[in-house]
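Visitor: Chain by chain, the residues run as shown.
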Amino acid sequence: MSIVLFEALGMPLLIIPILAAIWPVIDTGHTTVNIAGDLNGTTIVAKRTNDLDDKIFNTKNIKLNTEIKDVF
Amino acid sequence: MKRWLKLPLYTQIAIGGLLGIILGIILGDNAKYLEPFGTLFIRLLQMLIIPLVITSILAGILKMKDAKSVGKVGGGFLFYLVITSLIASTIGVIIALILKPGKGMESILDHGETVESEEFNFVDHFLSWVPSNIFEALGNMDMLPIIIFTVIIGLVMISLGVEKVPMTTNIINESANIMLKLTEYIIKLAPYGILALLANLIGTFGSDMLTAVFNFVIADSIALAIILLLVYPILLKLTTGLNPIQFYKNIYPSMLFAFTTSTSSATIPISLQVSKKNLGISEKTAGFTIPFGATVNYGWFRGSDWCHFCFCSKFIWDRYYIGVNFEICFIRFSFIHWSSWGSRSWHSHVHCAF
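Here the protein sequences line up with chains A and B, keeping their order.
Start counting the first sequence at -12; every next residue gets the next number (the working numbering).
Start counting the second sequence at 52; every next residue gets the next number (the working numbering).
Don't read these hints as lab results, they were simulated from the structure.
There could be a bad hint or two in this list.
[As the list claims (entries may be wrong)] Using 25 Å as the maximum straight-line C-alpha spacing, the simulated SDA-like pairs for lysine to any residue come out as follows:
#  : chain 1 : residue 1 : chain 2 : residue 2
1  : B       : 114       : A       : 40
2  : A       : 42        : B       : 296
3  : B       : 288       : A       : 46
4  : B       : 327       : A       : 44
5  : B       : 114       : A       : 36
6  : B       : 327       : A       : 40
7  : B       : 123       : B       : 285
8  : B       : 116       : B       : 196
9  : B       : 300       : A       : 14
10 : B       : 239       : B       : 65
11 : B       : 239       : B       : 229
12 : B       : 119       : A       : 37
13 : B       : 123       : A       : 40
14 : B       : 335       : A       : 41
15 : B       : 232       : B       : 189
16 : B       : 300       : A       : 41
17 : B       : 327       : A       : 37
18 : A       : 42        : B       : 289
Make a model of the complete structure from these sequences and hints.
Guide: Here is the structure:
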């Protein structure tokens, strides 16, 4: 896809292998920001559709364990 | 050993990551022998994506009971994604114009390989979102057609009424729980997988490349920090009045896991847990938005990736001395932005290109 876009914008394709090389370094940050963004959006939508429990949201010092109980 | 297993997963991941970095520095090029373990972990995570996304989106939709709430939640979340990516692209362009990360890259660019390009048609691209053959979409892991099909099936089930399809509903809920449990087991391997991945990355990464692209990485990080520390908190405060600091305290397990694995889909089960237990959001909303958000990551729709693209472009413009101003940058990108949604991660395309 990026190849198509670069071509469409009339930009040199030489950059792609270089970006592929540094990608692992920047990908961590991007994934983190995207995940935080998803949760931010989920919070906003939930709050506005009355699907958010303020009491749980504002509880301090919660310890989340990784055991998954039935979610659905 | 017993003490190790008793440590919380996040501590284990942090220790594994640290050991991986140290091993990478010590082993250097030899760290490549650890790569298969990292690849195994990533393959296991990839194995989960399709069944996990399908079952949790369906289970989420079925919880909503009527199509109106699906539209409200889905539409609201889409609107949020659009707004944040537009803000992110603006930030990306501004920072790229100020910092000019492409400077000093000339020598590297001259040694790049040439890559083949292909034809692109916007209408065909939008049409490709609708799967003509769902099994073909599944086989190719085209996530957007798969999601569209899944949402349609979910809406049909709601319009039939969940009480008319009790067996299918039960199967979906049980499958969703099975997939989440399987994910939990695979995530237990994360400390070892991450150790191998980081050792390989550090060991085989050319330090020349890193110094050459240092400016680029710095500029990229600044843009990400602005999104994370300003854009998200302000949006949250303005639209809901909730405390952003409390929000970040609640979601840190998801962020830590995303940071160490770099895999959005692997973070789905963690984020579902975080939404339910820490944010107080029911699976009605989170069951839909979390898998959806994590999957459109593949679609280059996301704010931060968008801002990254602006960098790449500005970076090249600097190199080729093409005069460009903010408006041209922004308008052209906005146009391409819409057309690029739904295509697969540019990352995977880069690897196809080799």
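Visitor: Determine for every hint whether it applies to the structure shown.
Guide: Each hint, compared with the structure:
1. 114(B) x 40(A): holds (17 Å)
2. 42(A) x 296(B): Satisfied, since the Cα-Cα distance of roughly 15 Å is no more than 25 Å.
3. 288(B) x 46(A): holds (18 Å)
4. 327(B) x 44(A): holds (9 Å)
5. 114(B) x 36(A): holds (14 Å)
6. 327(B) x 40(A): holds (9 Å)
7. 123(B) x 285(B): With a Cα-Cα distance of about 22 Å, the restraint between residue 123(B) and residue 285(B) holds, given a limit of 25 Å.
8. 116(B) x 196(B): holds (23 Å)
9. 300(B) x 14(A): With Cα atoms ~23 Å apart, residue 300(B) and residue 14(A) stay inside 25 Å; holds.
10. 239(B) x 65(B): holds (13 Å)
11. 239(B) x 229(B): Distance ~16 Å between residue 239(B) and residue 229(B) Cα, so the pair holds.
12. 119(B) x 37(A): Holds. Residue 119(B) to residue 37(A) sits at ~14 Å (cutoff 25 Å).
13. 123(B) x 40(A): holds (18 Å)
14. 335(B) x 41(A): holds (16 Å)
15. 232(B) x 189(B): Holds - the C-alpha atoms of residue 189(B) and residue 232(B) are around 22 Å apart, at most 25 Å.
16. 300(B) x 41(A): holds (14 Å)
17. 327(B) x 37(A): holds (14 Å)
18. 42(A) x 289(B): Holds - the C-alpha atoms of residue 289(B) and residue 42(A) are around 20 Å apart, at most 25 Å.
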